[in-house]
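Just so you know, we're using this note's numbering here: the sequence shown kicks off at 75 and counts up by one.
One or more of the hints may lead you astray.
Think about it this way: if two alpha-carbon atoms lie no more than 27 Å apart in a straight line, the pair counts; the simulated BS3-like pairs of lysine-lysine are [stated by the list, open to error]:
{"id": "1", "residue 1": "Lys158", "residue 2": "Lys199"}
{"id": "2", "residue 1": "Lys127", "residue 2": "Lys199"}
{"id": "3", "residue 1": "Lys158", "residue 2": "Lys118"}
{"id": "4", "residue 1": "Lys127", "residue 2": "Lys158"}
{"id": "5", "residue 1": "Lys199", "residue 2": "Lys118"}
What follows is a set of in silico ranges between Cβ atoms, one per label pair, in the way DEER data are often shown [as the list claims (entries may be wrong)]:
{"id": "6", "residue 1": "Glu197", "residue 2": "Ile96", "range": "15 to 21 Å"}
{"id": "7", "residue 1": "Arg181", "residue 2": "Asp94", "range": "23 to 29 Å"}
{"id": "8", "residue 1": "Tyr201", "residue 2": "Lys127", "range": "27 to 33 Å"}
{"id": "9", "residue 1": "Ala212", "residue 2": "Thr142", "range": "37 to 43 Å"}
{"id": "10", "residue 1": "Tyr174", "residue 2": "Leu224", "range": "39 to 45 Å"}
{"id": "11", "residue 1": "Asp113", "residue 2": "Gly196", "range": "14 to 20 Å"}
{"id": "12", "residue 1": "Asp129", "residue 2": "Ser92", "range": "38 to 44 Å"}
{"id": "13", "residue 1": "Thr207", "residue 2": "Trp98", "range": "33 to 39 Å"}
{"id": "14", "residue 1": "Tyr201", "residue 2": "Ile96", "range": "15 to 21 Å"}
{"id": "15", "residue 1": "Glu221", "residue 2": "Pro141", "range": "37 to 43 Å"}
{"id": "16", "residue 1": "Val177", "residue 2": "Asp94", "range": "32 to 38 Å"}
{"id": "17", "residue 1": "Cys208", "residue 2": "His97", "range": "23 to 29 Å"}
{"id": "18", "residue 1": "Glu197", "residue 2": "Gly165", "range": "40 to 46 Å"}
{"id": "19", "residue 1": "Gly165", "residue 2": "Glu194", "range": "38 to 44 Å"}
Keep in mind that the hints were calculated from the coordinates and are not lab data.
Quick caveat, the model's predicted, so the values are computed rather than measured.
Even glycine gets a Cβ: it sits at the ideal position worked out from N, Cα and C.
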Amino acid sequence: MDRPASIHRNGEIWISYSSDLIHWGHQRLLLEPGSRPDDWNSVKVGPCGPPIKTDRGWLVIYHGVGPTGYSLSCALLDLQDPSKVIGKMPGYMLTAEEPYEMVGRVRNVVFCTGAILEEETGELKLYYGAADTCVGLATAPLDELVEACLRGC
């Protein structure tokens, strides 16, 4: 997943394919910014680490930028054809609320840089930057995130 800035400049998330990891092509649009100016993700969206394989699809954590800052959400892609979005959380799952997320080098930012799935417990650990000043850890049951995506689309 990428935002091919040299081709597209609307802040979307695209998927590309490669047989050799050198030459890429067949780009397809996955996720777009929100359509209303006051949407939590109206400015741009971007991927946050690699997708996570689940039994229901590929879970993609992504950030959205809106008029009040950065927030996090997730979407679910088809296992066999990851260019198909089969579910998307209707809003954000994490936004800047705590003082350390709201005040710092860049105000009102939560920006996920990676996630780890605890296989034994099914808990997803999201590591995120807060206000570009410190690191936070948010946790959620993977099954609940997948269900929220499927209910949202």
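Range hint compliance [Cβ, valine 177 to aspartate 94, 32 to 38 Å]: violated, 46 Å
Could you see if the CB distance from glutamate 197 to glycine 165 stays within 40 to 46 Å? violated, 22 Å
Pairwise beta carbon distance, glutamate 197 to isoleucine 96, judged against the given window 15 to 21 Å: Violated, since glutamate 197 and isoleucine 96 (Cβ atoms, about 36 Å apart) do not stay within the stated range.
Using the Cβ atoms, figure out if cysteine 208 sits within 23 to 29 Å of histidine 97. This hint is violated: roughly 39 Å between Cβ atoms.
If I claimed the Cβ atoms of glutamate 221 and proline 141 lie 37 to 43 Å apart, would that claim hold in this structure? Cβ of glutamate 221 to Cβ of proline 141: about 29 Å, so the range 37 to 43 Å is violated.
Could you say whether the range 38 to 44 Å given as a hint is met by the Cβ separation of glycine 165 and glutamate 194? Distance hint for glycine 165, glutamate 194 is violated at roughly 30 Å.
Does the Cβ pair aspartate 113, glycine 196 satisfy 14 to 20 Å? Since the Cβ atoms of aspartate 113 and glycine 196 sit about 31 Å apart, the hinted range of 14 to 20 Å is violated.
Are the Cα atoms of lysine 158 and lysine 199 separated by 27 Å or less? holds, 25 Å
Does lysine 158 pair with lysine 118 here, judged by a C-alpha cut-off of 27 Å? Satisfied, since the Cα-Cα distance of roughly 20 Å is no more than 27 Å.
Determine whether the Cβ-Cβ distance between tyrosine 174 and leucine 224 falls within the hinted range of 39 to 45 Å. violated, 32 Å
Is 33 to 39 Å respected by the C-beta to C-beta distance linking threonine 207 and tryptophan 98? Roughly 34 Å apart at Cβ, these two residues keep to the hinted range, so it holds.
That 15 to 21 Å hint for tyrosine 201 and isoleucine 96 (C-beta), does it hold up? violated, 30 Å
Checked against the numbered hints above, the structure violates hints 6, 7, 8, 9, 10, 11, 12, 14, 15, 16, 17, 18, 19; every other hint is satisfied.
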